[in-house]
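Protein chains: 2
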Amino acid sequence: MADGSEKNAVVSNRKVIFKDYVFGFPKESDMVVTVDKNLKLKVASDSKDILVKNLYLSCDPYMRLLMTNRSSEIFGPYTPGTPITGFGVSKVIDSRNPEFKEGDLVWGITGWECWEETEQPKQSESTTGMPGLTAYGGFYEVCAPKKGEYVFVSAASGAVGQLVGQFAKLMGCYVVGSAGTQDKVELLKNKFGFDDAFNYKEEPDLNAALKRYFPEGIDIYFENVEGKMLDAVILNMRVHGRIAVCGMISQYNRDQPEGVHNLMSIVYKRVRIEGFAVFDYYPQYSKFLDFILPYIREGKVKYVEDIVEGLENGPAALIGLFSGCNVGKQVIVIAPQ
Amino acid sequence: MADGSEKNAVVSNRKVIFKDYVFGFPKESDMVVTVDKNLKLKVASDSKDILVKNLYLSCDPYMRLLMTNRSSEIFGPYTPGTPITGFGVSKVIDSRNPEFKEGDLVWGITGWECWEETEQPKQSESTTGMPGLTAYGGFYEVCAPKKGEYVFVSAASGAVGQLVGQFAKLMGCYVVGSAGTQDKVELLKNKFGFDDAFNYKEEPDLNAALKRYFPEGIDIYFENVEGKMLDAVILNMRVHGRIAVCGMISQYNRDQPEGVHNLMSIVYKRVRIEGFAVFDYYPQYSKFLDFILPYIREGKVKYVEDIVEGLENGPAALIGLFSGCNVGKQVIVIAPQ
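In the order they appear, the protein sequences are chains U and P. Numbering-wise (full-length UniProt numbering), the first sequence opens with residue 1 and increments by one. Numbering-wise (full-length UniProt numbering), the second sequence opens with residue 1 and increments by one.
Next comes chain U alone, as it looks inside the complex (with noise of 0.2 Å):
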C-alpha cells in the first residue's frame, strides 16, 4: 500500500497489548497481539492528533522495569490492556497538528502497534540516540577516563556496551568485555577491536576471570548487568577506580535482587559508583552527534542490530533481551519505510 493511498484507506491495526504485571522472568505469553479492524488513516478534522505509521520499535532492557507495578520507581508502569511502549521511528501519515506535516519522520516513545494516533507531539532525532547517548554520557562523563587505563565493559555486544569499547579504544585505554556466546566473543575481538574478551558463562569463578583479564585490576568498569559480576568487579576495582551503572540487566527479573556483598571494597580503594540515565545528557546530544558523525562515516566506529521484522514477533524479541539472544541493539522492523 503506496503511502499516498494510505490516508483514505480503511486499515486493520495491530498491537502489542501488555497482559498484566509480571513477577519474574517475563515470558511472550504476557503479551498478546490483537487486531482493531476499520481504522480510519484520518485524523478527525476536530481534533489536534497526528495519525503516524510506526516504522521501527526499539527493544531495551528497561522495558521489563515498566511490567512491574513498582510505586517508588521514577518511570511509570505499563497499563494492563493497553500496547506497550518503547523507543521508535514513525512517519506522520495525517495531521492536525501545525508542527507536523504528512511525510516527517519522527521519533519518540512509541505504541507497539502499526498506526498510531497521538496527541503528543515526539522527538525529530534518531533513534540511534538512546544507547548512543548513554554510552557517551556513561563513559566520558561518569568514568571520566585517562588514556592507559583498564577498562571492563559487561554485556559488552549490547546496543551500549559496543560503543562503550570502543570509545574506549579511541580514547587509548585497554578494554575487556565479557558475553554470553563465543561467537559474540568473536565479534567483540574482531569487529569491534576489544583487546580481548570472555565468555562469563564459561567462567566458574568470575573473579578469577576478572584476575586473569585484569593481572594489574580494573580502573572503570561500565556496568550493565549487576548480580554476581558486580561483586567480582569491585574485588578487583584499582585504587580511585569509577564504576559507571545505567543497567542491571541480570537483576530486572528478580524480585527479591540478589544484593552485593563486597562494598566495604569501595571504601579500601576509594572506589566512585554512580547510577546514570540517559535522560541527563539529552541536553549533550547534538555534542554527541558532532563526535560521532564522523567515527561512524569513516567506519572507525561500528554499529550492530540485531533486526526481526513484522510486530507478531516482537514479544519473542523483548523477551529475548533477558536471556541474551540478541546480538547487538534489537531492532524491530514493522514497515521499512
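By construction, these hints were calculated from the structure, which means they are not laboratory data. A hint or two may mislead.
Identical copies carry no separate label here, and so any pair may be met within one copy or between two of them.
What the hints assert, rightly or not - Straight-line C-alpha distance at most 20 Å; calculated SDA-like pairs for lysine to any residue:
hint	residue 1	residue 2
1	K211	R70
2	K228	H261
3	K228	N262
4	K42	Q120
5	K228	S265
Following the hints, complete the assembly by docking chain P onto the known chain U.
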C-alpha cells in the same frame, strides 16, 4: 614519676598483645595485657631510635579490619603476639634521632603499650586530626553539599558523624542523625545542633523512619554503617544524591556481609556512592585546621570525647565501639601529660 627522673629509670612496660586473628565479633579475650619488666628508659648509644611515653590512644572502627587476615586489603593486618597499634599521642623521653628531642609531643601510629622504642618518626600533629579530616574531606569534597540540601548521618554521635552534622549545619543544610541510644539522640539535637535525630534500634522499619524524617528525600548520606541502613537510605535518596562511605561498622564483624539489595535505585535516581579514606586528604590538613580552629575557639563546633583511663581498660573500650558503648570519639588515656 616526674619526667626528669624517667630517663634513668627502669620501668615495667604494659602492653596490649593481639592474640590471634578474629572471626565474627571481637572479644576482650582476643587481646591480653602483658608486662615486660626492667625496660630501661634510654636509647642505646649506637641506635638512631626514639623512646616515647605513650599518653593517649585512639580507638577507631577500622582497627577491627586489622584483626582479620585478609590479604586483599590495603591495610596490613596485625601480627599475632605483638601489640595492637592505632593512632596515638606520645612524648619523647629519649632520642638519638636529630629530628626529635626530649619533651617533644608527637602523634602517629602508636603501639598499645606504655613506653615504646621506635625507629619510625611520628607525625607531630593533633590526634583529633584523623576523624576531623575524615569528616572534612568526606563532607566537603565527596558529598559536594549545597545550601538547603537534606543530609542524613548514621552513627552520628561518633567521632566523625558529630562533625559531619555540624559541618552540614554550617553549610545551611537540614540534617538528621541516627544513633543507638536515647542519650545519643538527645546529644545530637541539643549539643550538636542536628535538626532532628532518631534511635535506629527503636525503628523496626528503617525505610518508614527515613520517609518520616525526610518526606522530600535525602540529598546526602554520610555512611558509617552499611547493611540494612544503607539499603533503606538508597530507597529514599533524591535524584542526583550522593553517598559518602568512610566505614561500614555494621559489617566489620561479619564473615559474610549482609549485602545491599536496592542498588537498582541508584540508576533510577542517578545516585553516586563513593568510598574514601582520610589519607587521601592529608595534603589538605593545614587547610582543614585553618577552617576548623576558629569554629572550635568560638564554640561553634563542639566535640565530645569518651575518655577511658588506663591501658588495661583499652581492650574493653575498643570492643565497646562495635556495640556502640562510646559516646563520641573513644580515647584511652595512659598517662595524662
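Now the hints, each set against the structure:
Only between protomers do K211 and R70 lie at most 20 Å apart by alpha-carbon distance; the minimum there is 17 Å, versus 38 Å within a single protomer. Taking the shortest Cα distances, K228 and H261 sit within 20 Å of each other both inside one copy (9 Å) and across copies (12 Å). With identical chains, the CA atoms of K228 and N262 are at most 20 Å apart both within one copy (10 Å) and between copies (14 Å). In the homo-oligomer, the alpha carbons of K42 and Q120 lie at most 20 Å apart inside one protomer (16 Å), although the nearest pairing across protomers, at 86 Å, exceeds that limit.
Proximity of K228 and S265 under a CA criterion of 20 Å is satisfied in both settings, with 15 Å inside one chain copy and 18 Å between copies.
In this structure, none of the earlier numbered hints is contradicted; all agree with it.
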